[in-house]
Amino acid sequence: GQQVMQIPQYQHVQEGEDFTTYCNSSTTLSNIQWYKQRPGGHPVFLIQLVKSGEVKKQKRLTFQFGEAKKNSSLHITATQTTDVGTYFCAGRPYNTNAGKSTFGDGTTLTVKP
Amino acid sequence: KAGVTQTPRYLIKTRGQQVTLSCSPISGHRSVSWYQQTPGQGLQFLFEYFSETQRNKGNFPGRFSGRQFSNSRSEMNVSTLELGDSALYLCASSPGQGLTGELFFGEGSRLTVL
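Chains as they are written, first to last, in this note's numbering: chain E, 217 to 329; chain V, 17 to 130.
For reference, chain E alone in the conformation it holds in the complex (with noise of 0.2 Å):
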């Protein structure tokens, strides 16, 4: 079946330095989407990705979406410690069905003041 690998695991790093998670798919992705969930709370929807080659920017955040359709990344530019929380990735595979949301494990950002 479909895996969507996400590394790291987890980052620990200096506000102000940049910080950047990947997300692999075994599979190509129809689309993929990102997710932040902060220390007890909920996902809540970053943004979408579709095309092939697309990055998208919100402030300090930098999504792509690799040109196989089968990667994306996210990067964050000088990190603040409201960016802490965990980011995952949910891919949606390429095929006729629409087929169930395969979230990568995440990654754990923890921001030092």
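Hint data in this document are derived by calculation from the structure and do not stem from the laboratory. Be aware that a few hints might be false.
Below, simulated DSSO-like cross-link-like pairs (lysine-lysine); rule was C-alpha separation at most 27 Å, straight line [what the hints assert, rightly or not]:
1. K73/V / K252/E
2. K275/E / K286/E
3. K286/E / K73/V
4. K252/E / K273/E
5. K328/E / K286/E
6. K73/V / K29/V
Position chain V relative to chain E; hints supplied.
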């Protein structure tokens, strides 16, 4: 517009008991999916319902079941509870089926099995 509502928020059960969790999606959303979240295990997909039909199912034993009603509200049931079933159970709704659009998550139901 009200968000996704899950009840109960917290519950404690003992091994062998059964539990029913409820999820009310955002008004107008026809898809409801359920996830199990445990520390270090990420979000494990349980099942997805769309228009009262189970469309997809994850790799969980038959003790885990669910259903969706005509008003799109959904319930999931876990029978013969085991210690390993302790987790946060998250429900998510969306207007369409599968990852066709944003998933809106509820606060979750935190189940502790003793």
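Hints, one by one, checked against the model:
1. K73/V / K252/E: Status holds; Cα separation ~24 Å.
2. K275/E / K286/E: holds, 25 Å
3. K286/E / K73/V: It holds: about 23 Å lies between the C-alpha atoms, which stays within 27 Å.
4. K252/E / K273/E: holds, 15 Å
5. K328/E / K286/E: Status violated; Cα separation ~32 Å.
6. K73/V / K29/V: This hinted pair holds, its Cα atoms lying about 25 Å apart.
Consistency note: the structure conflicts with earlier hint 5 alone.
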